[in-house]
Amino acid sequence: MRFDEIAIIAVRGIGLGSVYALVAMSFNIVKVSSGILNFAQGNMVVLGGLLAYFLFSMVGGPTQMSWYLFLPLAAIGVGILMTLQGIVILLPMRYSTEDHSWLITTMAFSVIIGAVLLITQGPNALSVRSVFPTFMVAGTHVPAPYLLTFALAVIWCLALSLFRTRTMTGLQISALWQNPEAARAAGLKIRRLQIVAFTISGLIVGSTGFVAAPMITVSADSGFRYVINGFVAVVIGGMGSNIGALIAGPLVGMVGMFAAYRYGAELQGVATLLALIAILLLRPQGLFGSTTARQV
Amino acid sequence: MSSVEQGIGPTAGNPSKRSTATPLAARLNTDFPQVIVAVIAVVAFLTVSEWSGSAYWGGIAKLTSLYLVATVFMSILYVDAGQTSFGQGAIFGASAYAVAVVGSLQGYSFAVAAIAGLGAALIGGVLFALPALRVQWFYLGFVTLSASMVFPDVLVYFDSITKGINGIRAPFTSITDKTAIGLSPLTLMIALVTVGALAFQVWLARTRLGRQMKVAASSTVAAQSLGISPSLMRSVAFLVTAFGTGLAGMLYPPTVGFVSPNAFHVDLSVLFFFAIIVGGTNQPLGPVVGLILLYMVPNVFLASFVEYRLLIYGLVALLVMLLMPNGIMGTLEDWRRRRAGGAAGESLRLDRFIAAARSNRIPRIDAPDVIAIEVADVRKAFGSVKAVDGVSITIRRGEIHGLVGANGSGKTSLLNIFSGFSRASAGTVKIAGADVGGMAAHQIALLGIGRTFQTPRILPGLSVWENLEIGLDARNPSAERTIPDDLISELRATFKDRSIETIPHGQRRLLEIMRIVLKEADILLLDEPAAGLSPDERRTFSELLRSLRDDLGKTIVLVEHDLDLVWGTADRVTVLETGRVAASGTPQEVAANPAVSHMFIGGQRA
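For the protein sequence lines, the chains are B and F, in the order given.
When we follow the numbering used here, the leftmost residue of the first sequence carries the number 15, and every step to the right adds one.
When we follow the numbering used here, the leftmost residue of the second sequence carries the number 14, and every step to the right adds one.
The hints are simulated quantities; they were obtained by calculation from the structure and are not laboratory data.
Remember, predicted model here, so these are calculated numbers, not experimental data.
Note that CB positions come from ideal geometry on N, CA and C, so glycine has one too.
You may find that some hints are simply not true.
[Said to hold, decoys possible] Not close to chain F: a few residues of chain B, all C-beta gaps over 12 Å, as computed:
{"no.": "1", "residue": "Lys45"}
{"no.": "2", "residue": "Phe146"}
{"no.": "3", "residue": "Ala197"}
{"no.": "4", "residue": "Arg239"}
{"no.": "5", "residue": "Val284"}
[Stated by the list, open to error] Residues from chain B shown here face chain F by an in silico Cβ test under 8 Å; the list is partial:
{"no.": "6", "residue": "Phe70"}
{"no.": "7", "residue": "Met72"}
{"no.": "8", "residue": "Leu104"}
{"no.": "9", "residue": "Leu105"}
{"no.": "10", "residue": "Thr119"}
{"no.": "11", "residue": "Phe123"}
{"no.": "12", "residue": "Leu132"}
{"no.": "13", "residue": "Ile133"}
{"no.": "14", "residue": "Pro137"}
{"no.": "15", "residue": "Ser236"}
{"no.": "16", "residue": "Glu280"}
{"no.": "17", "residue": "Leu281"}
{"no.": "18", "residue": "Gly283"}
{"no.": "19", "residue": "Leu290"}
{"no.": "20", "residue": "Leu295"}
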């Protein structure tokens with residue numbers, strides 16, 4: 015392999031992997047607060063991309079000016095939708111004998127979003143043009159969204175770390191993760207905190223979909239891929255660890271990119287699956303996770 | 014009479030007063046009527062559609078039946094064995110593809126192709142079982158889900174074998190032509206496999222293997238304490254499921270006449286899973302109802318709205334979960350049970366149990382020096398916390414040994430080391446003379462250890478009798494029988510239709526003790542068994558402990574905060590403090606020991 019090939023794989027792998035890292039972070043905050051892994055998260059990324067497409071076509075094409083204006087709009091739009099989703103999903107968890115209803119409800123949400131996309135947009139992917147010029151990295155042209163997505167992942171990782179350590183709501187959400195019973199006994203408004211977590215999670219994936227729109231597949235059936243790869247990043251990085259997600263996401267991206275380059279696009283998913291199995295066999299708690307406590 | 018006497022144990026009265034035929038409304042479950050309805054529905058759908066001569070309806074009936082088989086087997090794996098495998102569609106597809114490749118491309122007969130299909134499914138089952146030995150719950154769910162997501166990619170990648178995206182035509186006309194009765198051999202095979210799958214699920218749940226799978230699914234520690242290897246149960250469940258899914262998958266190519274990678278997309282796996290939950294878990298009709306709603310409604314009944322197919326499917330799943338979290342059949346069953354009223358019936362009684370033990374008295378071991386458990390200088394640290402810090406104890410056969418101490422003094426940690434749930438960092442543990450240092454928990458259980466837990470390991474969804482029966486299932490064949498058969502059949506008759514949910518919390522601990530006595534364990538490790546019992550109940554409970562020792566010759570290790578209970582029953586007492594032995598000896602010696610006098614306020618036991 016030539017150096018420039020390695021550089022392309024690395025840079026594109028990191029860029030695409032940053033999407034996985036961001037999905038992993040958005041998984042983490044919901045998982046930490048309610049134990050739910052939201053299967054609809056992948057289609058929420060796609061919705062962020064779709065919002066980019068619509069907002070830009072409203073003003074007659076993407077410009078840098080409108081990019082800065084629309085980024086928060088897309089984030090808030092998906093944030094609102096995920097807040098509603100959170101409210102609906104948490105509804106039956108009050109009285110179900112098994113608290114696994116979320117497995118079905120989140121998957122159903124994912125199916126519904128995909129179905130609506132299919133009905134309104136058809137099966138083809140929408141393309142969104144990048145508004146920024148390409149960068150030169152290691153002698154190759156790199157489209158700006160790859161670097162912007164990586165920057166977004168770093169920014170969200172820092173913001174979430176500040177949120178979790180410096181704000182009351184963030185501390186309370188961490189308390190839910192440590193010990194839900196104690197948090198309940200201490201009088202925390204658990205349901206409200208869980209919904210806030212859904213909102214933040216929506217802001218993360220909404221902004222991700224918007225920024226990464228030119229490089230991801232904005233289509234009805236691509237959401238699941240982001241869910242699976244995001245989950246692999248969660249496992250490798252360690253459940254609940256955003257730093258772990260920030261490192262693991264690009265790793266997953268590069269493994270997939272390398273497999274696609276070397277063996278063909280069909281084996282990209284297989285490579286990710288093998289990476290997932292390898293980490294679960296060798297270090298199930300992930301690179302940055304902690305081991306579990308006594309069972310009895 | 015105290016409430017334990019009224020409360021626990023089969024009735025002292027005459028059990029024959031109970032009628033043997035239980036009316037439908039009072040039954041614990043309606044598995045048998047449900048299976049009969051499901052079988053009639055499937056057979057009628059298959060035969061009527063084929064006789065009608067409509068290729069469309071015949072195809073729909075056959076395909077839906079095959080999906081039903083895969084769903085039923087996935088339900089065995091997910092509900093009964095507790096394994097979150099979301100990739101069953103890939104196993105179904107592997108079997109179908111193997112049949113198409115061997116039968117259609119290589120030109121072998123359907124019989125040979127079918128064997129190849131089953132083989133491919135079993136290989137898939139082994140591949141899924143391997144990660145399940147290491148990880149569980151949603152980790153396993155994601156591994157299997159991604160496996161089913163990449164499955165079509167793999168089919169495309171190996172296009173030299175599978176013809177890639179073009180798929181394989183596989184008509185198998187030899188088995189699709191109608192016979193004299195107007196049904197093709199294929200339809201007969203599908204009917205047989207479907208009826209077999211529906212019956213198998215209900216039958217399996219009533220076997221020892223089925224119950225042990227449920228124990229392993231519900232609680233790993235409970236399974237191990239009953240001598241069940243959770244890994245073995247998982248592997249068996251994956252292989253049984255792969256076999257059943259393979260049976261369904263191998264009949265797919267002759268049914269559809271064609272296989273292509275798109276037919277085994279991840280959506281197929283998700284459909285099987287949705288059908289189980291939406292239909293209602295633990296209900297034989299659940300998968301039938303689930304598939305009618307999620308597959309037949311969007312694809313057949315509303316086929317004219319083809320572009321809304323996915324939307325209808327997603328909305329049905331979402332709405333059912335929001336309105337009926339236990340699924341359609343689960344909600345109907347809840348409603349039936351509520352209407353039948355909380356059948357009070359008999360409750361557990363200890364006095365009968367004690368009386369039976371007395372009548373069957375076996376001579377107490379008169380060899381006080383035979384050692385049941387011997388631990389020497391055992392240590393266990395969790396991070397920097399030394400939970401057990403150099404403990405040496407000898408527990409003799411036939412004694413009640415009280416383990417007391419403050420919370421966090423290492424009592425439960427020590428019990429966990431005895432039963433193999435955690436491994437000592439240093440020191441030796443000998444049970445019945447065997448060094449258990451390197452043994453798995455379920456192997457230690459076979460040495461005759463019985464364990465109860467602070468949080469009783471009660472299996473929800475099973476009857477009171479089945480919760481006791483799993484102890485009977487765990488009996489070591491070579492162990493001496495101390496519980497008479499007539500007491501066992503009396504327990505079965507009294508409790509087979511009683512829901513475990515009707516047993517109050519405090520009495521669940523006693524049920525756990527009865528379970529390990531039925532297991533014929535001769536060393537009982539009881540973790541705070543008297544918590545939640547009233548003073549009256551405690552008196553009866555002490556009597557039970559003495560009876561277990563004197564009449565049945567049990568050795569009992571009693572972890573308990575109620576010092577009165579311990580001093581009233583124990584032959585020897587060990588006091589633990591911050592992971593070390595603070596005092597040990599007869600209750601009188603320990604009470605007189607100045608090192609632990611602070612435990613007793615004003616010379617009295619606290």
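Taking the hints in turn, this is what the structure says about them:
1. Lys45: violated, 9 Å
2. Phe146: holds, 33 Å
3. Ala197: holds, 20 Å
4. Arg239: Violated, because the least Cβ-Cβ distance between B/Arg239 and chain F comes to about 8 Å, which does not exceed 12 Å.
5. Val284: B/Val284 not clear of chain F: closest Cβ-Cβ about 5 Å, inside 12 Å.
6. Phe70: violated, 27 Å
7. Met72: violated, 26 Å
8. Leu104: violated, 11 Å
9. Leu105: Since the shortest Cβ distance to chain F is 6 Å, the answer is holds.
10. Thr119: holds, 5 Å
11. Phe123: holds, 7 Å
12. Leu132: holds, 6 Å
13. Ile133: holds, 6 Å
14. Pro137: With Cβ-Cβ at 11 Å, over 8 Å, it is violated.
15. Ser236: This hint is violated: B/Ser236 lies away from chain F, its Cβ roughly 12 Å from the closest one there, beyond 8 Å.
16. Glu280: Given a least distance of 4 Å, the restraint on B/Glu280 holds.
17. Leu281: Since chain F brings a Cβ to about 6 Å from B/Leu281, closer than 8 Å, the hint holds.
18. Gly283: holds, 4 Å
19. Leu290: holds, 6 Å
20. Leu295: holds, 6 Å
Consistency note: the structure conflicts with the earlier hints numbered 1, 4, 5, 6, 7, 8, 14 and 15.
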